[in-house]
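Trainee: Listed here are the chains, written in short residue letters.
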Amino acid sequence: MSRGALGYLLWHSLRNRTARQVRQLRQPRYVVALLVGIGYLLMLAHGNAQPDRHPFLRGPFLELGLAASLLFLVGWTWISSGKQHVLAYSTAEVMFLFPAPISRRALVRYKLVRAQVVIVATTLLWVVILGAGRGELPVVLRALSLWCLFTTIHLHRMGAAMARSSAVEHGRFGVRRHSLLIIVLIVTAILLAAALVQAGTRLMSLPPGASVLLNIEAALRAPLALVVLWPFRLLAHPLASNSSGEWLRSFPWAGALLAAHYVWVIRSDAAYEEAAVEASFERARMLAARRTGARISSGGRPYSPALWSLAPAGDPARAILWKNVAMLLRRSRLRTWAMISLILALTLVIASAGLPAAAKTVGTLLLVWGGFFFALGPQWIRNDLRTDLAHLELLRSYPLASDAVIRMEAASSAFILSLSQLTLLLLGGLALMYVPAPEFSGTLRLALAGATVVVIPALNFVGMLLQNGAALLLPGWVRIGPAHGGVETLGQSVLTALAYIIALLLACILPAIAAAGLVTLLSPALSTWAAIPAACGAAALLLAEGWLLSLWLATVYDDMDVPGGVEG
Amino acid sequence: MIEVEGLTKLYGDRLAVRDLSFTVQPGEVLGLVGPNGAGKTTTLRSVAGIIVPSAGRIRVAGHDLRTDPIAAKSRLAFIPDEPHLFDYLTVGEHLDFVARLYNVLDGRERRHALLSELELLDRIDSFPPELSRGMKQKLAIACGLLHGPSALMFDEPLTGLDPIGIRRMKATILRRAQEGAAVILSSHLLHLVEELCTRVLILRHGERVATGALGDIIAERPELAGRSLEEVFIALVGET
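If you read the sequences in order, they're chains V and F.
The first sequence: position 129 = 129 (our numbering), numbered continuously.
The second sequence: position 232 = 1232 (our numbering), numbered continuously.
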């Protein structure tokens, strides 16, 4: 009976949601966005139909690189919060389904089926992104490989979240139920640490002249690293297969891994239920203790001060910036800061050890990562209108000019994004200082660093205005709220990121021309230092563009309907 | 003082409010009542500057909401039925934030007084998810009152409050009116409206059905003599 009801809910929700999105096409702006999106996908499909140009994007290196990425993703899943999106049900689902006579297992299956809608769509997108007609593998096999990979990772995240919830929320009962899993995790962590040390040692012993990618491959081929990466390589192998025969040999292993994950999730659920029952008894005992006056922990989140205090006097719009920065810093958890500290420590150790190959690899990776932040950062850092539109009613009631609100909202995320990027670039630059490169003199490096510090905040400000503009112009298509993450939505994220980069590049045309002109004009007098005034000129133009954009977006913001506006 | 002239609001083809005019003088409490979909929330949101009217003019404390929205908004407060709070700001920080938005230089002193009045002082470092529904509502009200608005709008202000909270809330609304604020109170709780409001504006299908003190409304319709607001309301909106 529950299957029929859940199927009904799933089908009708999907149908109505699709119909609603189609109805939005009555508005010209959505039609334009759709046409641009289709054209963009076609362009991507055409571009990727060309044969592979880079040897690193095929075969064993692809398998190894993908496996390492999956290992990072899974590791991150385990150290991140237990109360993840992957376990979350909507308020309506909680209100209707949880009190209904439906087993928790049926609810988990419902959630898995619901996730398949997104996973299948993401698979199709990835087939396009990776190139439908590229390589030796038929499209269907490539799609199946991707589907298997995404579904397994989704199941893993779900299982991990359940196990964490069970262990954390139900105290010693939860830990006891998951003792085997905890042992596996501890052994894996020890192996991983040993593999990292071995890979690091191998990296440090490499000659300085080799390319960064070869260095990475050599590090990943360290014996212990291969052991740790083995299950991830099983999963990645079908996608990296060069022939249908190879795919047929590798896919059953990946399929078996998927099946094992499914069983784990369902069994975890049973353990979760049992732990929940035991915890309920414990809670009853605690309630009885409370009635006798025993002290009960509030379980509240610890208070942490904001980055800076907010004086009552001053530009009122800056209160928005203060609020958004405070919120983002509080939302980010200890693990983020632990990761930053680890990267910092690693960079300093490598840089000071005088090991050119290692310094070159780590420094380049940090620079590349800092560059990637242009594309992916805006999707992770959303402490702007993309979160605040949920409070549109409140925002509108503030005595602030709409354009000021928009500028401050965009500045909030641009501030954090620039800080993160500059930290990565600074660390990368620091590591590369120990790599001999006669063509990059100390003066040139300093001038480039100065120009970067000037340009990046302005560039991110315009970028965040573009992101906020998309949320204002296409509120039906842009999700409001914090980043969801998860490999199953990665296809949409990559597409959005690419489209965003194109828009950002268009915004950069004029400032880039101005900067080039300034460099030509000033370099006879200032030599390499001309980069800094040129960067200032480019930044000023970017800010001017941003200002104009914010004025236009303010009119869109003013015309937006408040959700539920037609109710009363 | 709140002045509304010819307020009309269309959502696409749908008319939510048609040619509505009224004023609320300082010290007055106007009760906005009507069945679901009558246009109460749309009216309140328009007066609060949250939505832009399709036609008409709204003035708050002498400032036109369309031509001088910042001055008008700095004199008003809108407290919706569902408190909108930021999960990652503490109770105290919500008030600091509002103090900066409204340029309340003595925000810290007012914050203390308001939190005392609303019995939230011991929760000053708590985050909204740690508060009960009623406490959240109180915090939203404290945020609305911090800058001493001269125009106050409440949408179902008693939602989620316990009996003591309800009593205090009524006192808070009356106190602000006595201090000279023009207050609009929208509620389905007709006994509350009858108890607190000096005048009533009854809406139906976005149009005014009746306005004035309950006695005046009844005086214009002798057949309603001796009836309560609830009975008058049902008779006027034509629903049983």
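Please keep in mind that the hints were generated in silico from the structure rather than gathered at the bench.
Wrong hints could be hidden among the right ones.
Unchecked claim - Simulated restraints, written as ranges between beta carbons of each label pair:
id, chain 1, residue 1, chain 2, residue 2, range
1, F, N1103, V, W308, 15 to 23 Å
2, F, G1062, V, Y8, 38 to 46 Å
3, V, F440, F, R1108, 46 to 54 Å
4, V, M339, F, N1103, 53 to 61 Å
5, F, G1062, V, L307, 32 to 40 Å
6, V, W308, F, I1070, 55 to 63 Å
Said to hold, decoys possible - Derived, one-sided and incomplete: chain V residues facing chain F with beta-carbon distance under 8 Å:
id, residue
7, A319
8, H391
9, L394
10, E439
11, E545
12, A554
What the hints assert, rightly or not - Every beta carbon over 12 Å from chain F, so not counted as near; a handful from chain V, in silico:
id, residue
13, G7
14, N16
15, R29
16, Y30
17, M327
18, L329
19, G371
20, A544
Model, not experiment: these values are computed from the prediction.
All C-beta atoms, glycine included, are put in the ideal place defined by N, C-alpha and C.
Trainee: Compare the structure with each hint and give your call.
Mentor: These are the hints, each one checked on the structure:
| no. | hint | result |
| --- | --- | --- |
| 1 | F/N1103 / V/W308: 15 to 23 Å | holds (18 Å) |
| 2 | F/G1062 / V/Y8: 38 to 46 Å | violated (56 Å) |
| 3 | V/F440 / F/R1108: 46 to 54 Å | holds (53 Å) |
| 4 | V/M339 / F/N1103: 53 to 61 Å | violated (40 Å) |
| 5 | F/G1062 / V/L307: 32 to 40 Å | holds (39 Å) |
| 6 | V/W308 / F/I1070: 55 to 63 Å | violated (25 Å) |
| 7 | A319 | holds (4 Å) |
| 8 | H391 | holds (5 Å) |
| 9 | L394 | holds (4 Å) |
| 10 | E439 | violated (47 Å) |
| 11 | E545 | violated (25 Å) |
| 12 | A554 | violated (12 Å) |
| 13 | G7 | holds (32 Å) |
| 14 | N16 | holds (19 Å) |
| 15 | R29 | holds (16 Å) |
| 16 | Y30 | holds (15 Å) |
| 17 | M327 | violated (4 Å) |
| 18 | L329 | violated (8 Å) |
| 19 | G371 | holds (29 Å) |
| 20 | A544 | holds (24 Å) |
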